Amino acid sequence: MEEKNYVEPQLAEEEYDEIDIMELLRKLLKEWKMILKWCGIAAVAGLVIGFSIPKEYTVSSKLAPETVAKSSSSLGSLASLAGINLATMSTSDAVYPDLYPDIVTSTPFVVELFPVQVEFMDRKEKKTVDYYTYLKDYTRSPWWSAAFRAPMRALGWFIGLFREKKEKVEGYASIDPSALTEEQDWVAKAIRSSVSLGVDKKTSVISLSVTAQDPNVAARISEEVIERLKTYVTNYRTQKSRQDVAFYQQLYDKAQADYYAAQSRYARYVDSNQGVVLQRVRTEQERLQNEMNLCYQLYNSCAQQLQAAQAKVQHETPVFTVINPPQVPLKRSKPSKVTILFACVFLAGVAASVWVLWGRDLVANLKKKEEEDQ
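The numbering of the sequence shown is this note's numbering, which starts it at 63 and goes up by one.
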């Protein structure tokens with residue numbers, strides 16, 4: 063007699079999952095009022111947060127710098143497929159486009175933006191102040207920022223009672239980029255956080271974005287950053303050539319003065335000895351003429367060298383092509399009140415669901431365990 067093995071029927075895994083899911087849904091539907099209440103509170107909180115964050119406007123612009131590459135075209139095309147720009151690697155410049163973001167955020171560059179005049183609307187009144195004053199006195203911050211800073215300010219005030227009082231320097235009338243005051247450092251950090259510059263490593267196209275609470279200020283600072291970046295790179299690339307121009311200019315001025323003086327001496331001598339046939343007069347006249355000709359040759363040579371140096375400065379002056387110029391934005395870039403609202407409601411719904419499904423039971427079990435241990 064054959065022995066039969068009895069196999070107990072098992073529910074499919076999908077059926078267990080379906081039962082579990084239905085149980086979870088029943089729990090959620092049972093507590094729908096509480097979940098809805100949490101979402102309502104989160105919606106109010108999201109609206110408060112959205113309306114408390116100041117409006118900000120972003121100006122985006124693009125420009126392409128001129129690069130002088132020494133690599134071959136075939137090698138450059140192969141490198142571009144790998145995402146490498148040999149034009150910036152093989153250039154003789156120490157300041158190539160990849161370093162532009164560091165230049166824009168450097169302290170000397172940021173400090174130069176302090177005196178830039180900006181025009182903005184303050185409570186329906188048009189005002190014009192420097193960028194330093196605008197950031198310090200006319201920018202808003204969320205109310206919770208002041209609440210978070212209050213304890214630190216109180217602590218700083220208390221510690222200051224026991225320290226030697228130093229003369230407080232306000233503004234930027236006297237500024238040392240290597241030793242900024244606390245206020246100046248705060249403004250510099252605000253500028254760094256509002257100015258963002260990126261470089262495409264394949265094309266070397268520069269993307270600049272400037273954020274401000276007023277659209278006109280954002281556009282004005284964007285224009286100023288572009289112009290100052292151009293000036294910085296131009297001054298660097300033409301520094302040696304401009305020094306050569308200054309040197310040849312000095313030689314040219316001296317050679318010109320010597321030539322004019324020799325020319326005057328020759329003319330005076332000829333005028334004063336007209337009709338004289340003495341040999342010594344002819345000899346002196348020839349000497350003065352040779353001296354004048356020599357001074358002229360030197361003067362002409364210095365003039366050519368000066369022109370060549372000036373042409374070299376023009377040749378080495380980089381060209382920046384503005385692809386997308388700064389424009390005054392019509393719409394704010396942030397905050398997005400709708401995004402904040404939906405994010406708060408979503409997080410509240412998730413938190414409430416987790417509490418209903420697992421959190422409440424977990425807390426109850428922990429309390430029960432503590433009571434049993436006691």
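No lab work stands behind these hints: they were computed from the structure. Owing to the predicted nature of the structure, the values given are computational and were not obtained by experimental measurement. The beta-carbon is built from N, C-alpha and C at its ideal position, and this holds for glycine as well. Watch out, some of these pointers could steer you wrong.
Simulated crosslink set (BS3-like; lysine-lysine; CA at most 27 angstroms straight-line) [what the hints assert, rightly or not]:
no., residue 1, residue 2
1, Lys399, Lys198
2, Lys251, Lys302
3, Lys396, Lys198
4, Lys188, Lys316
5, Lys198, Lys188
6, Lys399, Lys117
7, Lys393, Lys198
8, Lys396, Lys189
9, Lys124, Lys396
10, Lys198, Lys251
11, Lys316, Lys399
12, Lys374, Lys292
13, Lys99, Lys429
14, Lys396, Lys188
15, Lys198, Lys117
16, Lys95, Lys399
17, Lys292, Lys302
18, Lys186, Lys316
19, Lys251, Lys430
20, Lys374, Lys99
21, Lys89, Lys186
Between beta-carbon pairs, the in silico distance windows are [claimed, not checked]:
no., residue 1, residue 2, range
22, Leu161, Pro239, 17 to 25 angstroms
23, Gln305, Asp164, 23 to 31 angstroms
24, Pro380, Gln351, 43 to 51 angstroms
Now the hints, each set against the structure:
Distance restraint check for Lys399 and Lys198: the Cα-Cα separation of roughly 26 angstroms lies within the 27 angstroms cut-off, and the hinted pair is therefore satisfied. For the hint pairing Lys251 with Lys302, the CA-to-CA distance comes to about 33 angstroms; that exceeds 27 angstroms, so the pair is violated. Simply put, Lys396 and Lys198 have alpha-carbon atoms about 21 angstroms apart, close enough for the 27 angstroms limit, and the pair holds. A distance of roughly 54 angstroms separates the Cα atoms of Lys188 and Lys316; the hinted pair therefore is violated under the 27 angstroms criterion.
For the hint linking Lys198 to Lys188, the alpha-carbon distance of about 17 angstroms falls within 27 angstroms, and the restraint holds. Between the alpha carbons of Lys399 and Lys117 the distance comes to roughly 10 angstroms, so the proposed pair stays at or under 27 angstroms and holds. A distance of roughly 24 angstroms separates the Cα atoms of Lys393 and Lys198; the hinted pair therefore holds under the 27 angstroms criterion. Of the pairs offered as hints, the one joining Lys396 and Lys189 holds, with about 23 angstroms between alpha carbons and a cut-off of 27 angstroms not exceeded.
For the proposed pair Lys124 and Lys396, the alpha carbon gap of about 21 angstroms is at most 27 angstroms, so the pair holds. A distance of roughly 12 angstroms separates the Cα atoms of Lys198 and Lys251; the hinted pair therefore holds under the 27 angstroms criterion. Restraint check: the Cα-Cα separation between Lys316 and Lys399 comes to about 70 angstroms, which exceeds 27 angstroms; the hinted pair is violated. Proximity of Lys374 to Lys292 is assessed by CA-CA distance (about 18 angstroms); at most 27 angstroms being required, the pair is judged to hold.
Simply put, Lys99 and Lys429 have alpha-carbon atoms about 25 angstroms apart, close enough for the 27 angstroms limit, and the pair holds. Among the hinted pairs, Lys396 with Lys188 is consistent with the structure: their alpha-carbon atoms are about 23 angstroms apart, no more than 27 angstroms. Proximity of Lys198 to Lys117 is assessed by CA-CA distance (about 17 angstroms); at most 27 angstroms being required, the pair is judged to hold. With a C-alpha separation of about 25 angstroms, the suggested pairing of Lys95 with Lys399 holds against the 27 angstroms cut-off.
Between Lys292 and Lys302 the alpha-carbon distance is near 17 angstroms, which keeps this suggested pair within the 27 angstroms criterion. With a C-alpha separation of about 61 angstroms, the suggested pair Lys186 and Lys316 falls outside the 27 angstroms cut-off, and the hint is violated. For the hint linking Lys251 to Lys430, the alpha-carbon distance of about 52 angstroms lies beyond 27 angstroms, and the restraint is violated. Straight-line distance between C-alpha atoms of Lys374 and Lys99 comes to about 74 angstroms, which puts the hinted pair past the 27 angstroms bound.
With a C-alpha separation of about 54 angstroms, the suggested pair Lys89 and Lys186 falls outside the 27 angstroms cut-off, and the hint is violated. At about 18 angstroms, the CB distance of Leu161 to Pro239 agrees with the hint of 17 to 25 angstroms. For the hinted restraint 23 to 31 angstroms between Gln305 and Asp164, the CB-CB distance of approximately 25 angstroms keeps it satisfied. Checked against the hint of 43 to 51 angstroms, the pair Pro380 and Gln351 passes, with Cβ atoms roughly 48 angstroms apart.
When held up to the earlier numbered hints, the structure conflicts with 2, 4, 11, 18, 19, 20, 21 and fits the remainder.
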